[in-house]
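Enquirer: Sequence:
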Amino acid sequence: HVENEFHLLSDEGLIPPYYRPKHRPNLTKDESGGFLRSLTVAQLRYVELSVLQVAAGLNGWAVIKEEKAGVLADRKMAIKDDGGNPTSAIEIGTKLVSREAAFKACGAQTSPSLDQGDRCKSINQDAYQLALNVSSQRALSRFQRLGRPLVMAADKKPTPPAGPWWIWNYLSYTDKSSEVEVASWYAFYPLSGPAYGAGNHYCKLLSPARALEWIYIDGLRKAPKNVNEVNVSVVV
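Counting the sequence shown from 1 gives a position; the working numbering is that position plus 3.
Where hints are given, some of them may not hold.
Stated by the list, open to error - Computed spacing ranges between beta-carbons, pair by pair:
1. S125 / L194: 13 to 23 Å
2. G120 / E184: 13 to 23 Å
3. A165 / D33: 29 to 39 Å
4. I67 / P197: 17 to 27 Å
5. K225 / A165: 17 to 27 Å
What the hints assert, rightly or not - Mimicking EDC-like on lysine to aspartate or glutamate, the simulated pairs with C-alpha atoms at most 20 Å apart in a straight line are:
6. K32 / D14
7. K83 / E51
8. K25 / D14
9. K68 / D14
10. K160 / E51
11. K179 / D158
12. K225 / D178
13. K83 / D129
Keep in mind the hints are simulated off the structure, nothing from the lab.
The structure presented is a predicted model; accordingly, all values stated were derived computationally and were not measured.
In this text, a Cβ means the ideal position worked out from N, Cα and C, and glycines have one as well.
Working from the sequences, and respecting the hints, build out all of it.
Expert: Put into structure tokens, the structure is as follows:
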């Protein structure tokens, strides 16, 4: 059983409202039903800020602009409504329980090696595939003929490997001419690590809505300017 709560990724004490609790993913075992209950913590991100702008998470007023700027009229940060920017989230910053912690909850042998590999990449590939699967046949056919596919790349570890540098490094979209490469930043904290993050695995995830917007609109922007081929009507 999996649930999610939406919160700011940064939960330092200086971020208003100052009474906010710490938000952590967790995992419990339901002994009566014999299954696991998993809670993830996520934030939809619409604009990008730097570690410097948010003072590594200590400038609370800068941090909360990240949450609101996509929908409110902050003239310096708000997304321009000119058709040139995506309306979907550029990423879903997500804190998950690690595989190591899940194995421990089941009473199985554990090791930090369980979280090795591109765990975030595989989730992003599934999100992209979901978007492809639910696209209309017409849109999918047009995208396959004229669009540039999203290709998932290996997960990246921030330097230094600390929370603020994971939070304010965003899901990357790299133009490779015929395709666009998507790569997640990750942070993994083994059970033997500091209590603050022990048993957590953090990922920057591709929003299925962003993938759909790419299939229907943004992935076609470099296609030949043939109205009959690329004109798209979107109902929201």
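Enquirer: Hints broken by the structure, by number, lowest first?
Expert: As far as the earlier hints go, 5, 6, 13 are violated by this structure, in ascending order.
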